[in-house]
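Keeping the supplied structure of chain Y fixed, place chains B and R upon it in accordance with the hints.
Each chain, written out:
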Amino acid sequence: MESVSEAAIEARRLTKVFDGPGGEVRALDNVDLIIRKNEFFTLLGPSGCGKTTLLRLVAGFEQPSGGELLMDGEAIAERPPHRRPVNTVFQSYALFPHMTVAENVGFGLEMMGRPREEIGQRVERMLALVKLEGMGPRRPNQLSGGQQQRVALARALANQPKVLLLDEPLSALDFKLRKEMQIELKRLQSETGITFVFVTHDQEEALTMSDRIAVMSDGNVLQIGSPTEIYEHPTSRFVADFIGETNLLTGRLSERMASSLRFELDSGGLLEGQEDGGNETGARVTLAVRPERAEISREGSGLAARIEQIVYFGTDTHYHLRLDEQTPFVVRHQNRSGATSRFSQGEEVRVTISPDAIRVLQD
Amino acid sequence: MLEGLGRNRFLRRGLLLGPALFVIGFFMILPLFLMAYVSILERGLAGGVQWGQHTLEAYVRFLFERDLMDNLVVNIDYLRIFGRSFALAFGTMIVALAIGLPTAFYMALQPARWRNLLIFLVTIPFWTNLLVRNYAWILLLRDSGLVNSGLIWLGLTDEPVRLLYTPFAVGVGLTYSFLPFMILPIYASLEKLDLRLVEAAYDLGANKWKALTRIVLPLALPGIAAGSILVFIPALGAYVTPELLGGSRQLMIGNLIQGQFGAARNWPFGAALAFVLLAIVLCSMMLYLLRFRRAPGQG
Amino acid sequence: MLKRGSNPLWRFPGVAPTALIVFAYLYLPIFILIAYSFNENRLATIWTGFTFDWYGVVLNNPDIMRAARNSLIVASSATFMATLSAIIAGLCMTRDSFRGQQGVNAIMALPLIVPEIVTAVATLLFFVIIGMKLGLMTVIIAHTVFCIPFAYLPIRARLQGMDPRLEEAAADLYADPWRTFRRVTLPLLWPGILSGAMLAFIISLDTFVITYFVAGAGATTLPVYIFGMIRIGITPEVNAVSALMLLVSIAFVTLSFLIGRIQR
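Heads up: the protein sequence lines correspond to chains Y, B and R, in order.
Under this note's numbering, the first sequence has 133 at position 133, and the numbering climbs by one with no breaks.
Under this note's numbering, the second sequence has 49 at position 49, and the numbering climbs by one with no breaks.
Under this note's numbering, the third sequence has 101 at position 101, and the numbering climbs by one with no breaks.
Only true hints are included.
Using 25 Å as the maximum straight-line C-alpha spacing, the simulated SDA-like pairs for lysine to any residue come out as follows:
1. B/Lys192 - B/Ile94
2. B/Lys208 - R/Pro17
3. B/Lys208 - R/Ile21
Here are some chain B residues the structure puts well away from chain R; computed CB gaps all over 10 Å:
4. Gly52
5. His54
6. Thr55
7. Val60
8. Met69
9. Tyr78
10. Phe82
11. Gly91
12. Ile94
13. Asp158
14. Pro218
15. Ala225
Hints are computed from structural coordinates only; laboratory data are not their basis.
If you're wondering where the values come from, they're calculated on a predicted model, not measured in any experiment.
A virtual CB, placed ideally from N, CA and C, is assigned to each residue, including glycine.
Bound-form chain Y, shown alone (with noise of 0.2 Å):
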């Protein structure tokens, strides 16, 4: 458990209950959540999950149903948006279209009554952090979205907050740009030093930009690390899904041997694993393997499988089997020597998974 100190916000037991058509909405169901002071902290999720919810009620445009909201150990959930030390990089963007660029990045500053020359000053180096000199006497809808977005960052940014809200700030904008902002992000948040809370439903962002992501689903926080972590160990079915592919297999742990275990498939076959999910013997078990972690040969050990289809990506090649003629199993080879396939389809062939790439999971 972190000590509260180096906590920047921290969520107890928050929920929010929406009143909608159909009855009521329980878009965050006791969340409980840390986030500490000059980290990069995604929030990932699909569309509904609670997210946005989430990010709203720290900003405070939205009030708690239930639960505590600390902001630096002091309960805020009472406090209005305009005295909270937040600043929200928008989806949409909200930039004033009756403003400059300069007015738009200076509107916080004279709104906290700072002196004229020194907001000045501010929005000069704000629009040079986000490389838009020049453009402060431009309107917003003579930019581009990409600059829009970066007059939106600076914006938020020119206040010094302790905590940036940034709400799929980059979804409105096409693949390469989003590339670029994605590394001018990480580079904003490490030069600045503030705490980035970030919003997305695009688990590749969340996975090269964060330095600890959260992943929601349904109003709840499924679970909570680094990249790493959240990828090579995820703990449910959902959080192995959602980010990256993964294969499920489910069977029972029918034996523990001296350094390791056995899983047997209810496909049929036997795999050997390493770690027991904290389940007793002859337990059932959900069993999740990345396509990349497994191999397929035609002779040999390994589990039973058919290849219904081979799909070309270029850089990989991924091979759809079934084992036992039902279990729908992908496996991902990298394309390091030639380009043709070495297998064809309709093949009988093997699949072996080596056991530190086996992951059990919780539900």
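Below, chains B and R without anything else, positioned relative to chain Y:
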């Protein structure tokens, strides 16, 4: 910004909505109820009403009159005025639809720049004074007016044709007054129409007529319905047009109602007539809403 | 985007000629009226020459000028009250959500649905029964009622079209509710307010039937005065004053239209 006006949501709503709702509620809705009540009061001897004396006389009077023996005799004079109003309003609606639909269709097919200008041109007459617009038709339709001069010049007639103070004049005036109400909603629904749907119809073997009747018209139906109701309702309650272009022989409900507060000084009867007109209008509005819209204020 | 109008597939017989006739029908009376207002001939039936004289006669007629002054007093007062109540009602209706909002919208639209003659009768009866003397005050009240929906609809549309995130962004940038309203909401709402107020003003200037019922002596507005003139007969003065009213209305609508366009 609203939480600045007080913590209490109900108080806030009350303060913000209050003025508008008070003005409409106190000076419009309350008077409408009062009007309904006046319609069942005894008429005053020198105008006005006799409070506390209730009677349905005003409604009886609509269909009957009393002869010398004080027996009720059917009198269809008022019914005839209602019938004429309905016929004129309905005819106006049909003519407006017949000329408004092609106009809206034409507008919807123009390039975007032109479309805005055309909408503007259709809107302008609506915002100009109704009285003045109807007066302009007197200039056109009178015996020495432009229309008759034109007819004589073309040799179609030697003598001026009597146009003013006829049902024709009233119809022309009503159509002129309310045509924008027909064009604009139809245009709004046609403008949203994806022209590729019509292309798809052609692609699937439809000819022009089929494409029009099976694709364009069904999709324009909400606009046609809205336009029809928006023309029919004000035409039914028209006062200015029949007064100026119809003369004393082409009375409509509106003139009949006004008369009860002028020369006739029969307030209960005037109130009853107005109440009946209101009921008809609200019923047709309800029918329209039930059929074409889920809830008022949407779509 | 499909290019409209150029493809022969979209041409249906009779559509373009009908549209042309309709536009002629809409504008012929207006042009004729304006043309007649410049006719020198007293009888106004034949054209004998061009003159501005009738406008001079109208502008020097004390009764017309008094009626015009009444119209302006009524229209400005009604516009002010209707617009103000429409602004705050619009803010409440778009920035808050509660049960019964549909009902409120229906009430706000009521003056548009109820036939003018019915409103006129009801309002007259109301004023007489509560013992309020008919005069400018009663006209102003009746016009305010009638103008509310015309001011309300553009304001509400503008508020609905406004991104709610903008107000949140202002709050997020430390603006308190009042400053959020003054610095963000109001500047963005301004075109809606202006166009709503202009429409309310024209409607008030033009409204005849209601005014005719509740004006009483001494509160004659321009339309009521013109109605009296028309009933007496066609005169060059009627032509001139009618043409003036037309031009004022057209100028106002054009202005309102341009404001709406620039700011979009």
